[in-house]
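Sequences listed follow chains A and B, in order. Take the UniProt record's numbering: the last position of the first sequence gets the number 446, and nothing is skipped along the way. Take the UniProt record's numbering: the last position of the second sequence gets the number 446, and nothing is skipped along the way.
A portion of the hints provided could be inaccurate.
Identical chains share a label here; the pair holds if one copy fits it or two copies do between them.
Cut-off 30 Å, straight-line C-alpha distance, at most; resulting in silico cross-link-like pairs (DSS-like, lysine-lysine) [to be verified]:
#, residue 1, residue 2
1, K174, K210
2, K210, K160
3, K16, K160
The hints are simulated quantities; they were obtained by calculation from the structure and are not laboratory data.
2 protein chains.
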Amino acid sequence: MSAASDLQATLDASRKSWIEAANDPACDFSIQNLPFGVFSDTRHAARRVGVAIGDSIVDLAVLQASGLLRLPDAGAGAGVSASTAASAPVFARDTLNDFIALGRDAWRSVRIQLSQLLARESATLRDDAALRERALVSQASATLHLPLQIPGYTDFYSSKEHATNVGSMFRDPKNALLPNWSEMPIGYNGRASSVVVSGTPVRRPNGQLKLPDQERPVFGACRKLDIELETGFIVGRGNALGEPIACADAEAHIFGMVLLNDWSARDIQQWEYVPLGPFNAKSFATTISPWIVTLDALEPFRVAQPVQEPQPLAYLRHDGAHAFDIALEVTLRPLRAQQATTIARTNFRHMYWTMAQQLAHHTVSGCNTRVGDLMGSGTISGPAADSYGSLLELTWNGKNPLELKEGGTRAFIEDGDELTLAGWCQGEGYRVGFGACSGEILPAQR
Amino acid sequence: MSAASDLQATLDASRKSWIEAANDPACDFSIQNLPFGVFSDTRHAARRVGVAIGDSIVDLAVLQASGLLRLPDAGAGAGVSASTAASAPVFARDTLNDFIALGRDAWRSVRIQLSQLLARESATLRDDAALRERALVSQASATLHLPLQIPGYTDFYSSKEHATNVGSMFRDPKNALLPNWSEMPIGYNGRASSVVVSGTPVRRPNGQLKLPDQERPVFGACRKLDIELETGFIVGRGNALGEPIACADAEAHIFGMVLLNDWSARDIQQWEYVPLGPFNAKSFATTISPWIVTLDALEPFRVAQPVQEPQPLAYLRHDGAHAFDIALEVTLRPLRAQQATTIARTNFRHMYWTMAQQLAHHTVSGCNTRVGDLMGSGTISGPAADSYGSLLELTWNGKNPLELKEGGTRAFIEDGDELTLAGWCQGEGYRVGFGACSGEILPAQR
């Protein structure tokens with residue numbers, strides 16, 4: 001079989017795993033998924049690279065050391081010589097960067113090998129109890145870590161519905177969408193230092209608040225703390241300074257996707273953001289999901305992006321379908337509540353600008369990108385009122401509070417609330433899911 | 001002698017070096033300066049840490065290996081155990097980060113030892129011809145490299161004159177300064193990946209340009225390429241997420257300063273920047289000077305910052321003087337011209353918001369910073385028309401082109417132009433200078 005057909009076989013909807021939990025149609029981590037992350041566990045405190053399947057994590061460092069998992073000889077990544085790539089211990093690391101830097105052939109080779117090793121009919125690992133004991137870790141006993149060293153974090157603003165809603169509230173409902181919005185994927189540089197992994201508590205920020213009845217701002221805890229439901233993509237192959245990435249080539253530079261919550265302090269934002277954009281309103285925390293779902297795993301869920309009118313300038317054009325059908329939802333669980341309430345349901349396919357267009361635009365000036373760079377989609381809002389990706393929109397700047405199943409109403413986030421993003425592609429009898437992207441809000445520092 | 005008096009002695013204006021070039025009153029690299037950088041040379045291609053003095057560079061890796069330079073035993077930096085700090089080979093590295101991470105006691109100890117070793121009356125190195133031959137490299141034979149791995153780059157907007165000039169041109173001359181400007185050091189996240197060292201050619205960016213007579217933007221090379229004359233400071237001690245740096249403590253977190261040219265594509269900027277701030281207009285390149293002048297070396301040049309009215313909110317208050325008297329100038333030399341023209345002269349002391357206030361504001365939300373983070377001052381414009389720090393202001397958006405001594409006139413930068421920032425503190429008979437921060441503009445990619 002060719003590599004292409006091997007890769008195609010990893011997507012076969014009928015493939016099942018001998019790890020039975022992976023075959024549950026509602027499990028995020030089917031054998032078709034195989035997302036990458038970094039974990040440690042109670043047995044070994046050292047962080048290493050793993051792949052989620054069912055209720056387990058496959059320890060790739062163990063598989064490589066045992067000889068069951070091999071890297072292709074020809075290292076495609078910068079700085080990796082062909083002779084060392086195959087034996088480089090890229091999985092016994094505390095981030096995925098070194099593995100990702102090996103290049104797409106390596107990502108695909110590992111995906112194919114894992115898909116084969118974990119398939120129901122494959123005895124090699126299934127029937128080797130001693131190795132299985134070392135190579136499989138239950139997710140329940142593992143701690144998941146930030147999977148990347150993130151050299152740069154950029155956030156886009158690519159949902160037409162979100163930009164229109166925000167423009168209506170903060171500027172002018174008649175001219176909600178600014179003229180530049182339809183011409184380019186508007187983006188800004190975010191703060192990479194404060195990107196944290198799901199499960200990390202987030203402290204409510206302090207900052208300057210401009211109250212309507214006072215001439216000067218006051219200093220205090222944010223009163224309009226919000227989420228932004230986003231996805232992010234991870235740059236898998238960078239570009240050199242001065243050498244833009246063409247839109248048609250851009251997807252080959254993407255390793256995979258995560259869920260991303262761009263926590264936002266709306267009151268701080270509104271006072272600070274003119275003219276240089278959001279700063280303290282966003283830089284206190286950005287949460288990502290621990291598992292990176294590869295673009296290869298998302299391939300069956302590729303769909304057409306919305307029609308773009310006017311037609312973009314030439315450097316932003318690409319043929320074919322470049323959106324993905326990823327169901328998304330947000331739940332809110334108040335402190336000590338038993339039940340969470342789903343407050344929004346939407347889909348990544350609504351995004352106006354594609355990831356490829358975002359990356360082409362980001363680099364068209366000559367700006368370089370690096371392996372591990374994180375690029376947020378921008379808040380993903382759909383057309384319906386319950387499909388908005390922020391409380392700002394869902395409650396229309398607090399005017400229409402949400403009724404929770406348990407815990408009262410919410411205009412914005414209260415201390416102790418746990419917000420969770422979820423996302424998955426629905427295949428026939430299986431899911432390719434992202435797992436949870438959660439954070440609980442701690443009271444502001446006094 | 002105490003460490004404090006040893007440190008004070010490094011600033012003694014009467015101290016001279018046995019490296020005679022350092023005693024020239026116009027030399028940037030006096031024995032009072034001792035700035036840190038990273039270099040390689042024709043004899044050794046490996047990058048290592050050096051200190052500039054006169055026309056030479058002292059190779060700190062050689063001095064440490066020879067036993068002449070010791071690090072204090074108690075490593076103050078995170079992750080450095082007391083027993084290993086003294087022998088850690090932090091100078092045989094391609095960036096300064098590991099040395100900076102050792103903490104301020106280590107920076108000061110090295111400064112004191114070098115000041116003593118290089119003093120005219122000190123025979124240890126002066127009279128050891130063999131060691132001198134290995135430990136001293138002429139600047140003429142050296143290549144200077146980006147001295148840091150920069151985890152994050154933030155740029156502020158802290159010159160009142162600059163913000164007023166830009167507001168007058170782009171918004172409303174009657175309300176040039178926005179209300180938030182006087183309440184906080186406005187800043188935004190820049191792109192760390194494209195920070196380059198002085199001498200790196202800069203390619204004119206392509207991007208979207210909105211021409212006044214056309215409904216839609218066109219794609220093409222920037223027509224309004226500009227400089228921004230700035231300084232930057234380097235974070236020497238970071239802060240943990242959720243733990244702000246108090247304004248009164250902020251200077252202790254700063255390792256030193258560089259010159260910084262925040263290249264700006266004004267036409268791209270004007271079309272893209274609302275509502276999320278500058279992005280492609282800035283991200284193609286930011287040039288910094290190769291030598292980091294420590295805050296300790298700048299101490300004699302500390303002066304009062306401008307009076308701040310209204311009085312800032314409590315978290316932005318600090319007693320005492322927190323500006324520095326640093327003369328700054330910009331020269332422009334057209335391709336093949338013999339002569340450069342000085343196009344602006346100003347001083348860092350004009351800056352309204354101090355570095356301490358910038359760092360306190362940046363972290364007040366809980367945002368973390370890391371060793372090596374670069375924080376740009378924002379364009380430094382003085383009150384006089386020839387003290388503006390950008391061509392945008394100097395030519396008033398191109399309306400009043402500058403007359404060059406050689407090479408015609410300039411509204412904005414032309415291909416082949418070399419722009420150079422210079423900066424120095426003038427002591428009695430000596431300078432503490434930054435060296436050059438230069439870049440030549442290459443034609444846009446077609």
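- Check K16 against K160 for me: Cα-Cα at most 30 Å, and say if that holds within a copy, between copies, both or neither. neither (39 Å within a copy, 65 Å between copies)
- Task: Using 30 Å as the alpha carbon limit, work out where K210 and K160 are close: within a copy, between copies, both or neither.
- Result: both (28 Å within a copy, 21 Å between copies)
- Could you place K174 and K210 in one of the four classes (within, between, both, neither) given a Cα distance threshold of 30 Å? Answer is both: 25 Å inside a copy and 22 Å across each meet the 30 Å cutoff.
Checked against the numbered hints above, the structure breaks only hint 3 and satisfies the rest.
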